[in-house]
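> Listed below are the residues making up each chain.
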Amino acid sequence: MDSYIAFPHSQSAHCESGVTANLLRFHNIECSEALAFGIGEGLFFGYLPFIKINNLPLTTFRGAVGSIFSKVNKRLGVTVRRRKFRSESEAMDELDAKLLQGIPVGCQTGAFWLPYFPPAFRFHFNMHNLVVIGRDGDEYLISDPVFEKVVRCKRDDLQRARFARGALAPKGAMYYLEAVPENPDMGGAVLQGLTKACRTMLRTPLPFLGVRGIKFLADRLEKWPKKLGEEQALLYLGQLIRMQEEIGTGGGGFRFMYAAFLQEAAEILGLPQLFQLSERMTLVGDTWRLFAVSGARMCKGRAKDGDTYNELAGILRQCGQSERAIYGDILELLQRSQR
Amino acid sequence: MKIEEVPQDKGMIGDHGHEVCYAVGDNGRYTLSPSLGWEAKNVVNDQAWAVIVEETRQMHRLVQSGKLSPIAYYQAKNQMDIALLACYVDMAKWRVKRHRRPEIFRRLSERILQRYATIFGVSPAELKTIPEIFSPECIRRR
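Residue numbers (our numbering), protein chains in the order written: chain A, 1 to 339; chain B, 1 to 142.
Extracted from the complex, chain B is given alone in its bound form:
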């Protein structure tokens, strides 16, 4: 890759400055050259986020229809599977799975709720609800 070929396609880096690439200068020597991003990378990054958004949207629907507790929504929003969430809250996977059932979730103690809330970065009160309408934008914000 020559320096003039270093891509400058804005996207995933946004306004967070630039990254650096290795590129060959006129004298044939490598230098570090700033890049604002690359279209190919933006595409596959968007693809990865689309999967997360879809998963969260599905969980949002299931929580709203009363099939799962809000934990399922926040879990998907934080890109966690049950195993990872169980690691974070220091509980066995079967317990986390159980807490995803609405009837069990309603009876959870404040102490247990707090553990989930801390990991998801919300208050225990917020944890009991989910946003009325699902918005894909909220996923990347925490």
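If we strip away everything but chain A, and leave its shape as in the complex, we get:
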């Protein structure tokens, strides 16, 4: 073995929050994935029909790529070193050098090129994060947060994945933690992440973002079959469900993960009311799941009574309304507790 770092790999639901939590844990900051997701203000919603992926509109349930990692580190006072490369060989050499120094290195990669991925997951998706923790001859040892165990990947393949092209090309991006505070202010960070996320969801002035975006999507979705035709409407619907469930969200478009965060926040901030809000968030997640079940039946051509675009839009509106109330109540609670 050329290099091997004892790394606290733990399987996560989502790659970026998982990498963030695992790297922090390596540096002795106890932080769960859900906590990283909450501090990093991961929760979001946006329906962006003018951005197309494979000719299908983009829906997102989380903030911008890379923002969870950078916000968590900023809020905890961690110094991060981040690099991109022009030369592929330089990018690989630099990775080797860091590994020899005993530093686990996070990399942004294109999932399409990672051979250890199950074939069904291999799409051109350039925002997959993983941590390289060692090298054994021609192979790297990788802590890929969405996998159960540490995986192995050939050097050529990793190089190709790090230099995937197209939208959001990683350009060999790698990052590692340089300096970590001894006693980071968890409470302050949680408070910041919580307030910011709720505010963004409620107050973003654009109609297709935040809770208003959910209603916007519902209004659009109702018109899909007429506007696009039955076949295309089903593709739109399928894509939406994939964004909500498949892209490592931990279920219900990250809403369950956020509910888990609210429980941790309740303890860290000493605000037991957040437990009830977590329960309400769980119900919202369940409603999102209901949407996916009903929508998937339609995609499969097995629609039951009540599986119609109007009904689906109704479920979405319900999600939007419940979320609006939850974020409002969280902000009110935080305001009251600070007085």
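Don't take each hint at face value.
Pair ranges (Cβ atoms, derived) [what the hints assert, rightly or not]: (1) M1/A x S65/B: 50 to 60 Å; (2) P102/B x E94/A: 42 to 52 Å; (3) I112/B x N183/A: 36 to 46 Å; (4) R155/A x P131/B: 28 to 38 Å; (5) S65/B x G314/A: 43 to 53 Å; (6) E230/A x K93/B: 30 to 40 Å; (7) N183/A x K93/B: 50 to 60 Å.
Just so you know, the hints here were simulated from the structure itself, not pulled from any lab data. Virtual Cβ for every residue (Gly too), placed ideally from N, Cα, C.
We have chain A; now place chain B onto it with these hints.
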């Protein structure tokens, strides 16, 4: 979602272990709970693959009837549009489009062929042909 509600529907993950979901345990607290997959997800994943298979099947037909060069087939098989393929081979889109014409493709230099072959994970000789019969199974294998 309660722990006992975490779905265990085998499908897209296949034999590659399991993923984890956030679920509520008996004590009301969240834990990470393993899941073998979920029917709703399997359905929409299959749907996405069906689109890729259909596109590739169509390209296979067009290549066989001599309307397009094999590049069009391999491009579809690798889920690329012309813009993405052009990024990968470091060429302008119009050049890639031109290389999809059989009469132009036949005259391509080994050097250019090699660039395409590397991206598609085939040899330059393989690149000049496509499978006799289209099989949907070959799409996910590379």
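> Please write out, lowest number first, the hints stated earlier that are contradicted by the structure.
3
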